[in-house]
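A.B. asks: Once you've looked at the hints, dock chain B against the given chain A.
Residue numbers (the working numbering), protein chains in the order written: chain A, 1 to 288; chain B, 1 to 379.
Check each hint, because a few of them may be wrong.
[What the hints assert, rightly or not] If you want the footprint, here are the derived chain B segments under chain A, 3+ residues with CB under 8 Å: (1) 203-209; (2) 283-297; (3) 363-372.
Because the hints were derived from the structure by calculation, they are not lab data. Computed from a predicted structure; not experimentally measured. Each residue gets a CB set at the ideal place from its N, CA and C atoms; glycine is no exception.
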Amino acid sequence: VDVVATTKTGAPPPWAGRRPSAPAWAGTVPFFAYVGIFLLWPTGIVVVDAFKNPNGAWAFSNFTELGNSLVRGYFIGSLKLCLISSLAGAVFGAILAYAVASGNPDGIVRRLYIAVSGVLAQFGGVTLAFAFLVLIGPVGLLFHASWYFEFPWGIGLIYGYFQIPLMVLVFLPAIDGLKVQWREASENLGASAWQYWRHVGGPLLMPAFLGATLLLFANALSAFATIQAWENQIAYVVPQQIATAMSSEVGLSNVNVADLLALGMVIMVAIVMTGYALLLRRAGRWLR
Amino acid sequence: VRSPYKFALAGVAVLTVLAAGCSSSSSSSTPTSTSSGSAVNWATETTAAGGGGMNALVAAAKKEGTLNVIALPPTWANYGAIISTFEKQYGITVNSANPTGTSQDEVNAVKTENGTARAPDVLDIGMAVALANTNLFAPYEVSTWHDIPGAQKEPTGLWYQDYGGYMAVGYSSKFGTITSLSQLLGPQFKNAVALNGNPTAANAALNGVMMANLAEGGSPNNIADGVNFFAKLKQAGNFSPISATGATIKAGTTLVVFNWDYLNLPSYVGVPNWKVFVPSGAVLGGYYAQAINKQAPHPAAARLWEEFLYSQSGTGGQNLWLQGGARPVEQQAMTVNGTINSSAASRLPTISGTPVFLTHTQATDAATYLAANWAKAVG
Chain A
1 VDVVATTKTG
11 APPPWAGRRP
21 SAPAWAGTVP
31 FFAYVGIFLL
41 WPTGIVVVDA
51 FKNPNGAWAF
61 SNFTELGNSL
71 VRGYFIGSLK
81 LCLISSLAGA
91 VFGAILAYAV
101 ASGNPDGIVR
111 RLYIAVSGVL
121 AQFGGVTLAF
131 AFLVLIGPVG
141 LLFHASWYFE
151 FPWGIGLIYG
161 YFQIPLMVLV
171 FLPAIDGLKV
181 QWREASENLG
191 ASAWQYWRHV
201 GGPLLMPAFL
211 GATLLLFANA
221 LSAFATIQAW
231 ENQIAYVVPQ
241 QIATAMSSEV
251 GLSNVNVADL
261 LALGMVIMVA
271 IVMTGYALLL
281 RRAGRWLR
Chain B
1 VRSPYKFALA
11 GVAVLTVLAA
21 GCSSSSSSST
31 PTSTSSGSAV
41 NWATETTAAG
51 GGGMNALVAA
61 AKKEGTLNVI
71 ALPPTWANYG
81 AIISTFEKQY
91 GITVNSANPT
101 GTSQDEVNAV
111 KTENGTARAP
121 DVLDIGMAVA
131 LANTNLFAPY
141 EVSTWHDIPG
151 AQKEPTGLWY
161 QDYGGYMAVG
171 YSSKFGTITS
181 LSQLLGPQFK
191 NAVALNGNPT
201 AANAALNGVM
211 MANLAEGGSP
221 NNIADGVNFF
231 AKLKQAGNFS
241 PISATGATIK
251 AGTTLVVFNW
261 DYLNLPSYVG
271 VPNWKVFVPS
281 GAVLGGYYAQ
291 AINKQAPHPA
301 AARLWEEFLY
311 SQSGTGGQNL
321 WLQGGARPVE
331 QQAMTVNGTI
341 NSSAASRLPT
351 ISGTPVFLTH
361 TQATDAATYL
371 AANWAKAVG
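Next comes chain A alone, as it looks inside the complex:
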């Protein structure tokens, strides 16, 4: 067996030794600086200030807020909205992704879906909320229904508009990973379509599906501009109450309570992302 030697012998390149070689970790500085400034530092401030009162002294009294049924209501509201929009988004997105994947891999339809999904997954905020207000409502172009004005149904529908395309984007690679030979093998062994999905395709895709669902969950949890543009007369979810705690002009602002609510969201996201990481590891084991 010939092994091609890759080590060069002879004279070192002319620039060798002229400049000091940078330590290996130097290349990671931009990344860690970025993460440090925009993630770790703000998170640290939120955690520390959640344990302080508005005068800057240490205080644990903010935590009595967590026992307040209203505050629990904001977290329950966030949970409802995230569950509804992520589950519905995941199911419809997965079906759409499967339809796209079963088409011509180089076809115009697939390229169109991926391009459109990439754009719509980022469509949110005031423009999205207003687009729906024009479509649905007392003078809506489509219809006027009372459920649309009830939390979380109306806003859940609006969130679906960016959740479904996001699901298509993140779930399509998993479906593409299904090898056609597996399907052929199970059919050769006499499996029906249902049996194939029940015992082969489903278990293979399930970790990726759950992982993508958790990603949608976190995506919905942190969304603020869309729901605030849709309705601003009552705080249904935690980010809205954080805004009220920070900028109430009727004397109810308390930045430290906002920090505490943000800390609660950090913990929620940490739980969700831990689950996501565990499921991703499992998905990798199947497809290795």
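C.D. replies: For chain B alone, coordinates are given in the frame of chain A:
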């Protein structure tokens, strides 16, 4: 001092250098001197006369060249015209930050941007926020100080009310003519009735609930009847949580909104089939207040801005507010001395009955009650 976070240090150093480079290029926050050469620190002057008169103030403000304002929507009380008139008259650039912000956002910006050239110079804030933050303000008395009624200013000039109006119900004329709030409980108002914001956060929304409270026979001391009215609206399916803005009114989504009359007039809303009414026995007034940031980066421009806002001339702030449908604080004095724009004054909605103005205690009691009960009533 926060303990350093190791990962952030390198990046912080870089950012600090960048930020210092940016701010020093736009900074002009040094004490100014008059053209006559004697140094005047406008940051501590409490009248224009004390600093050498209006001409000295104008010269110093022009030298600063910039004024930072915050939370002034161009369509609110004619602020678009007020800012452009000021810029034209004095050749001073007005930086308008966060136009849709709340009064509390203004105070937060004063604190977080303290010491930078971006910090707000002047504030236009609700009374609850003004009274809670007087330690951030510089006392100043405008030239027309004596025309501001005594109850509407802090005696040393830390804050002074600027313009106000009355709570009114604006509605689409497709509903015919509305004369009482109980009509709003009817089935034709399905998902139609909105406030201008969340009453635990926005002053205009709190006053909207208070107006309903007065119309329902409640006292200004207890907002419970107002909250109950909105609970009834919610039960009838008539409450609309959809954000009410000029755009949603134009789009036809918002059909009925409780708001200050100067934000609810057909001329402001820009919709021809829009009507306004004030329920009988529920005349609720409210004024905003001006204040100067004690650490204003442009102290002379800040004081010139206040002189401009309280000027009684035809193109001064008082008449410009009036043209925007708001009632300037010096309206009474200007009506007497003849400087008022009488055609603009005649376009204001007529108010019958004795207006109620919430005291600080009444406003904070209402906010406390809303914090505990609003979400339960309409959630």
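A.B. asks: Hint by hint, say whether it matches the structure.
C.D. replies: Do the hints match the structure? See the list:
Coverage of the region 203-209 of chain B by chain A holds in this model, with 3 residues showing a Cβ closer than 8 Å to a Cβ of that chain against a need of three. Figure legend: the region 283-297 of chain B, annotated as covered by chain A; annotation inconsistent (0 residues with Cβ-Cβ distances under 8 Å, at least 3 required). With 8 residues bearing a CB less than 8 Å from a CB of chain A, the region 363-372 of chain B meets the requirement of three and the coverage assertion stands.
The structure fails hint 2 only (numbered hints given earlier).
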